[in-house]
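Kindly generate the complete structure, drawing on both the sequences and the hints.
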Amino acid sequence: MNLSQYASHDATGLAELVRAKQVSPRELAQTALTAISALNPVLNAVIETYPDAADRSPAPDFLPVGPFPGVPFLLKDIGSHDKGVTFELGSRLAKGMKAPPVASELVERFRASGVTILGRTNIPELGSSCTTEPLLYGPTRNPWNLERTPGGSSGGAAAAVASGMVPIAHANDAGGSIRWPAACCGLFGLKPSRNLNPVGPDAALALNGFAAEHILSRSVRDTAAMLDVTAGPDVGAWCYTPRFEGSYLAELKRPVGRLRIGLNVTPVFPPTTLDPAVVSAIRASAALCESLGHYVEEVTFDFDHETLFEAFGVIWSSSLRSGIEMIAAVTGRKPGSDTLEPHVLAAFHGAEHTSGSRVMWALEQMNIASRAYGRYFEKYDVMLTPAGSQPPFPLGQIGAIPTDDFMAWFHDMCAHCPFLSTANIAGIPAMSVPLQWSDEALPLGSHFLAANGRELLLLRLAAQLEEAQPWISKLPPHHVSRLD
1 MNLSQYASHD ATGLAELVRA KQVSPRELAQ TALTAISALN PVLNAVIETY PDAADRSPAP
61 DFLPVGPFPG VPFLLKDIGS HDKGVTFELG SRLAKGMKAP PVASELVERF RASGVTILGR
121 TNIPELGSSC TTEPLLYGPT RNPWNLERTP GGSSGGAAAA VASGMVPIAH ANDAGGSIRW
181 PAACCGLFGL KPSRNLNPVG PDAALALNGF AAEHILSRSV RDTAAMLDVT AGPDVGAWCY
241 TPRFEGSYLA ELKRPVGRLR IGLNVTPVFP PTTLDPAVVS AIRASAALCE SLGHYVEEVT
301 FDFDHETLFE AFGVIWSSSL RSGIEMIAAV TGRKPGSDTL EPHVLAAFHG AEHTSGSRVM
361 WALEQMNIAS RAYGRYFEKY DVMLTPAGSQ PPFPLGQIGA IPTDDFMAWF HDMCAHCPFL
421 STANIAGIPA MSVPLQWSDE ALPLGSHFLA ANGRELLLLR LAAQLEEAQP WISKLPPHHV
481 SRLD
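Mapping of the sequence shown onto full-length UniProt numbering: position 106 corresponds to residue 106, and the numbering continues sequentially without gaps.
Calculated directly from the structure, the hints in this document are not laboratory data.
Please note that the accuracy of each hint is not assured.
To be verified - Estimated spans, in silico, between C-beta atoms of each pair:
#1 Met326 / Leu292: 40 to 50 Å
#2 Ser8 / Val279: 31 to 41 Å
#3 Gly374 / Ser322: 23 to 33 Å
#4 Asp405 / Thr307: 14 to 24 Å
Built from N, CA and C at the ideal position, the CB exists for glycine as well.
Next comes the structure, spelled out in structure tokens:
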């Protein structure tokens with residue numbers, strides 16, 4: 001199999017070739033590793049490949065029963081992890097650190113899907129930024145424009161999938177980290193409801209319930225097929241969102257019906273100005289929805305955003321400090337300017353005197369978002385917003401923000417994707433769909449949200465949009481298929 005043939009298929013398509021014995025899992029793994037070797041020096045998406053990865057691919061006569069036998073796959077360097085692998089969280093403080101000896105339940109489910117795990121992808125330090133530019137491994141570049149961000153914190157995963165190195169990759173999202181990289185790189189990215197996918201056994205709630213785990217993909221069907229394998233609680237889960245009892249993939253093409261969609265183009269988390277290209281793009285997506293028979297009207301989404309943003313920052317900084325203390329205890333290194341980046345160090349120091357009662361106050365404020373969305377979804381099926389306030393921005397832009405005050409830095413960083421984090425706070429599903437491109441040929445994601453547990457509704461809508469306005473043939477300049 002040459003690189004062009006490999007990169008022309010999504011994960012489901014590659015799996016079909018494996019089942020038909022037109023290609024072996026080992027050949028797929030070797031082809032993916034060749035693609036990574038060729039493109040990664042330019043993109044810096046993958047920070048490690050496992051030397052024995054191809055050897056661990058399934059034998060052709062003993063294929064796993066999951067939807068993706070032998071399909072190449074990459075893990076993100078934070079969140080759910082494999083057992084005992086290097087697990088550095090994008091931080092010099094954690095350099096060389098090993099993951100616990102027991103794999104996360106989600107990774108065991110990834111493996112049950114049949115994928116061959118080849119290595120791990122680059123992230124910003126501790127997943128703390130909307131761009132992937134860690135000092136530990138250097139910046140990841142966007143395959144659509146090497147001077148632009150691929151997003152964060154799943155920027156390495158997004159660049160790897162968008163460039164065709166692998167068809168799907170692990171990602172997670174505590175404030176937009178699946179959806180924003182998907183938007184930046186022209187991919188489909190679904191953030192599931194809180195704990196629909198398991199976060200154990202290491203955690204009860206990942207980042208106090210903000211973080212959700214899943215994948216980035218080129219096609220809607222790949223995301224749905226993986227959700228069939230991963231969704232549902234693990235043993236002893238502290239809380240979870242019940243999964244759809246049937247198959248997400250099998251139900252994908254059933255009619256979605258006429259949806260009531262509210263179009264929200266007023267960014268308030270935090271308030272900022274939208275680039276005209278973003279406004280034009282999201283109105284084009286709204287018009288597409290109307291052409292498919294959906295009812296669309298412009299809405300404003302009112303809630304106490306100032307109090308909620310303050311509380312969000314308290315939880316983020318406190319969580320970063322807690323994580324830093326745990327890493328320091330494992331590695332024996334001290335948090336400081338030689339081990340932590342300026343914005344993370346500012347969060348560490350800023351949270352030093354945050355009281356337990358202050359954290360409890362902040363957690364109580366999360367109710368603001370949950371109740372606001374609850375009221376909204378009594379009237380509407382879906383909300384539509386831009387995924388970001390501008391197209392993918394130049395590398396180095398976030399690093400230029402002063403970091404003496406973490407909350408000021410956090411405010412300016414979040415202004416790049418002001419519609420995303422409230423879905424994490426409320427724990428509801430949301431997705432970025434690659435429907436539009438700018439005049440500079442940069443992807444502009446369209447962001448859809450639904451009520452808790454309504455992943456199937458979003459997936460059906462995404463499948464309808466994918467059929468009406470296909471995107472999978474849109475390839476960036478830096479793509480595996482251009483190497484042959």
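Okay, the hints, checked on the actual structure:
| no. | hint | result |
| --- | --- | --- |
| 1 | Met326 / Leu292: 40 to 50 Å | 48 Å, holds |
| 2 | Ser8 / Val279: 31 to 41 Å | 34 Å, holds |
| 3 | Gly374 / Ser322: 23 to 33 Å | 29 Å, holds |
| 4 | Asp405 / Thr307: 14 to 24 Å | 19 Å, holds |
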